[in-house]
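Chain residues, written in single-letter form:
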Amino acid sequence: MPEMTFREAIRKGLTEAMDGDQKVFLMGEDIGAYGGSYAVTAGFLEKYGPIRVRDTPISESAIVGTGVGAAMGGLRPIVEIMTINFSLLAMDQIVNHAVKVRSMSAGAAHVPMVMRTVTGGGAGLAATHSQSLEGWYATVPGMKVVIPSTPADALGLLRTALQDEDPVLFCEHALLYGTRGEVPAKPYTIPFGKARIARQGKDVTLVGNARMVHVALQAADELAQRGVQAEVIDLRTLRPLDVETVATSVKKTHRCLIIDEAWKTGAIGTYLAFRVQQEAFDTLDAPIAHIGGEDVPMPYARNLEQLAIPSVQTVLKALKDQIGV
Amino acid sequence: MTQTRAGFTKAQLLEFYRQMLLIRRFEERAAEMYTRGKVRGFLHLYIGEEAIAVGTMAALDPADYIVTHYRDHGHALARGIPSKSIMAELFGKVTGTSRGKGGSMHIYDVSKNFMGGYAIVGGQMPIAAGLALSARYKNENRIAVVFFGDGALNEGEFHETLNLASLWKLPVLFYLENNLYGMGDTIDNTYAGGRDVSRAATHYRIPARQVDGMNVQEVYGAVRDVTASIRKGNGPFFLEALTYRFRGHSMADPANYRSKEELASWMKRDPVPTLRIQLLDMAVPKAELEAIEQGVEQEINEAVDFADKSADPDPSDLYRDIEADSVSATHS
Ligand SMILES: Cc1ncc(C[n+]2csc(CCOP(=O)(O)OP(=O)(O)O)c2C)c(N)n1
Ligand SMILES: [Mg+2]
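Respectively, the protein sequence lines represent chains A and B. If you count the first sequence from 1, you need to add 28 to reach my numbering. If you count the second sequence from 1, you need to add 3 to reach my numbering.
No wet-lab data here; the hints were simulated from the structure. Hints are not guaranteed to be accurate.
[Unchecked claim] Taking lysine to aspartate or glutamate and the EDC-like style, the derived pairs with C-alpha atoms no more than 20 angstroms apart in a straight line are:
hint, chain 1, residue 1, chain 2, residue 2
1, A, K280, A, D323
2, B, K172, A, D83
3, B, K312, B, E302
4, A, K40, A, D231
5, B, K13, B, E221
6, A, K279, A, D231
7, B, K141, A, D47
8, B, K41, B, D317
9, A, K222, B, E143
10, B, K172, A, E57
11, A, K51, B, E143
12, A, K222, B, D328
13, A, K214, A, E44
14, B, K141, A, D310
15, B, K141, A, D231
Using the sequences provided together with the hints, build the complete structure.
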């Protein structure tokens with residue numbers, strides 16, 4: 029299998045979509061001449077021209093809203109919101125319009141639009157540029173929220189997103205762009221709402237998304253040295269949320285820790301914990317544990333930032349303190 | 004066909020009259036049904052502003068996209084959406100334009116390119132730009148028309164969209180229905196740019212024009228002119244219709260914030276009786292007008308009857324039309 033970076037996987041998915049369907053076009057801030065602020069769309073303007081690779085003014089609401097209208101008009105826009113922090117300026121279009129048009133029109137109009145954005149912290153960008161807000165959007169009916177952790181998943185999920193007839197928020201973790209992984213050469217897609225078992229184990233279930241999957245995998249390595257076999261589950265999509273795969277795992281391991289990079293208060297993983305305990309209560313040996321980002325505006329200083337984001341150490345500590353593993 | 008003074012045929016003017024009266028009577032009855040508890044939520048009446056919707060829709064092509072705000076019954080009726088479907092929507096019935104899911108503020112009829120009423124002030128602006136972009140992208144000969152109130156002038160989405168549409172020369176008609184109030188506050192109190200709001204558009208190099216929104220013939224002429232410019236590929240146009248709503252902002256609003264004199268001075272220019280008098284002056288027989296009036300009366304009675312007798316949505320509709328997988332009227 030060929031190896032590629034997360035960035036290259038996204039670029040491959042976008043290229044396929046642009047080559048495969050003239051109705052697909054890209055729109056966003058600095059995606060053209062500049063090549064994208066995370067260099068995902070470098071070279072696209074030269075290849076596809078300014079009608080299909082549209083540099084926009086810094087107007088998040090107009091970018092997403094124009095995408096809504098273009099999708100209603102029969103196109104298949106891929107809009108880029110530079111980072112999820114800036115999606116707040118487009119929240120009206122995302123929450124009030126993109127995902128409402130289908131029901132308010134009784135299905136006569138719909139919005140097949142992919143909104144790509146960058147999420148996550150850890151790059152020293154402090155409070156306004158380090159948030160993981162995807163869980164907020166995952167509470168909205170009609171929304172799909174995708175958050176891959178590997179290049180292969182990024183490509184497979186992006187292909188699925190591009191075939192979806194409704195709005196999809198596609199979240200790319202800023203620190204994952206340079207990570208590498210094997211990507212199948214044969215065409216494949218990955219369905220929404222199907223979590224991936226990233227590592228098999230029988231003693232405890234660790235659940236995460238995006239970069240937290242990698243943190244969980246590292247923690248699992250450490251646990252293995254102590255003879256504890258952790259199962260690691262990558263949610264891949266936050267809405268739809270694959271409760272079943274997690275519950276099935278927990279029924280086997282009897283223990284579960286859910287990890288979110290998002291603030292722990294109201295994190296999507298706390299809702300997942302509630303759903304899993306409903307399914308697996310009788311089989312639990314300990315209450316389901318959860319850790320998330322600390323409830324603070326992300327600090328700039330490296331040591332403080334590291335304290336605010338779940339790490340291998342905090343995962344191991346939570347397992348010990350909360351579950352006794 | 005005999006032409007009238009301003010170049011309208013008698014038949015055209017009679018149709019203008021019929022449509023304005025239809026909107027007026029529709030809304031009077033809707034208000035009555037509201038007080039009887041048949042219509043719920045917010046009900047924003049367009050009474051006083053009918054000349055804008057009627058003159059405008061007559062001047063547009065059926066292929067043009069219409070996007071509007073929550074004060075949308077007038078636009079919907081003038082676009083030819085059946086009054087009974089709109090009334091049924093107000094009643095929350097399954098026979099309504101959105102199967103009872105949208106209510107008064109969210110009227111859609113995609114078969115008529117009526118792409119929705121939007122209830123978030125300014126939210127409809129970029130959506131219209133996107134529809135215009137899709138038309139340009141596909142080389143379709145159609146434009147998008149977006150209605151908004153003076154309140155929307157103060158929303159970021161208004162400015163973002165004008166800027167983007169001008170940069171990209173999108174075929175959009177930005178259509179301000181300036182009724183001088185956003186809920187209870189006057190434009191003078193809320194908009195720092197003064198009464199010459201066209202500057203908000205010309206700042207973005209969008210040509211602008213003002214029209215008397217109480218005069219259906221003038222509205223028609225202005226829309227013909229400005230849409231001709233848009234269709235030539237000159238980019239967006241900004242049209243400001245000066246108007247006034249005769250009722251409160253919504254059914255809950257007695258409109259105590261404005262003077263009786265101000266209201267009376269605008270009501271003197273009520274477009275419905277004004278056109279009626281003009282038609283009589285043109286020697287249209289009174290009986291002909293009365294026949295139209297009876298026809299409207301009957302249509303509204305039928306609409307209310309239809310709405311009343313229609314079924315509520317089925318409880319299973321709760322999860323319908325949220326995502327593509329769920330059952331849908333057009334996609335199943
Ligand atoms: C974003 C937003 N803020 C506030 C409201 C509440 N609201 C509904 S209508 C309205 C006044 C709008 O006035 P205008 O745009 O002039 O339209 P008009 O009602 O006069 O037709 C307000 C404040 C809303 N619907 N959306
Ligand atoms: Mg107003």
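**Message:** Holds or violated: B/K141 and A/D231, Cα atoms, limit 20 angstroms.
**Reply:** With a Cα-Cα distance of about 57 angstroms, the restraint between B/K141 and A/D231 is violated, given a limit of 20 angstroms.
**Asked** Taken at face value, is the distance from the CA of A/D323 to the CA of A/K280 at most 20 angstroms?
**Response** violated, 32 angstroms
**Request:** Sort out whether A/D47 lies within 20 angstroms of B/K141, counting only the CA atoms.
**Result:** Holds. B/K141 to A/D47 sits at ~17 angstroms (cutoff 20 angstroms).
**Request:** Would you check the hint for A/K40 and A/D231, treating anything up to 20 angstroms between C-alpha atoms as holding?
**Result:** Since the Cα atoms of A/K40 and A/D231 sit roughly 38 angstroms apart, the hinted pair is violated (cutoff 20 angstroms).
**Request:** Could you grab the alpha-carbon distance between B/K13 and B/E221 and see if it respects the 20 angstroms cut-off?
**Result:** holds, 16 angstroms
**Message:** For a C-alpha distance cap of 20 angstroms, please report whether A/K222 and B/D328 respect it.
**Reply:** holds, 16 angstroms
**Prompt:** Does A/K51 pair with B/E143 here, judged by a C-alpha cut-off of 20 angstroms?
**Reply:** This hinted pair holds, its Cα atoms lying about 14 angstroms apart.
**Request:** For the pair we were handed, B/K41 and B/D317, check the Cα-Cα distance against 20 angstroms.
**Result:** Answer holds: B/K41 to B/D317 is near 18 angstroms, not above 20 angstroms.
**Asked** Does B/K172 pair with A/D83 here, judged by a C-alpha cut-off of 20 angstroms?
**Response** holds, 14 angstroms
**Prompt:** Hey, B/K141 versus A/D310, does the alpha-carbon distance stay inside 20 angstroms?
**Reply:** Violated: B/K141 and A/D310 sit about 58 angstroms apart, past 20 angstroms.
**Message:** Check the hint pairing B/K172 with A/E57 against an upper bound of 20 angstroms on the C-alpha distance.
**Reply:** OK: B/K172 and A/E57 at ~18 angstroms, within 20 angstroms.
**Asked** Straight-line Cα separation of B/K312 and B/E302 no greater than 20 angstroms?
**Response** holds, 15 angstroms
Of the numbered hints given earlier, the model fails hints 1, 4, 9, 14 and 15; all others are met.
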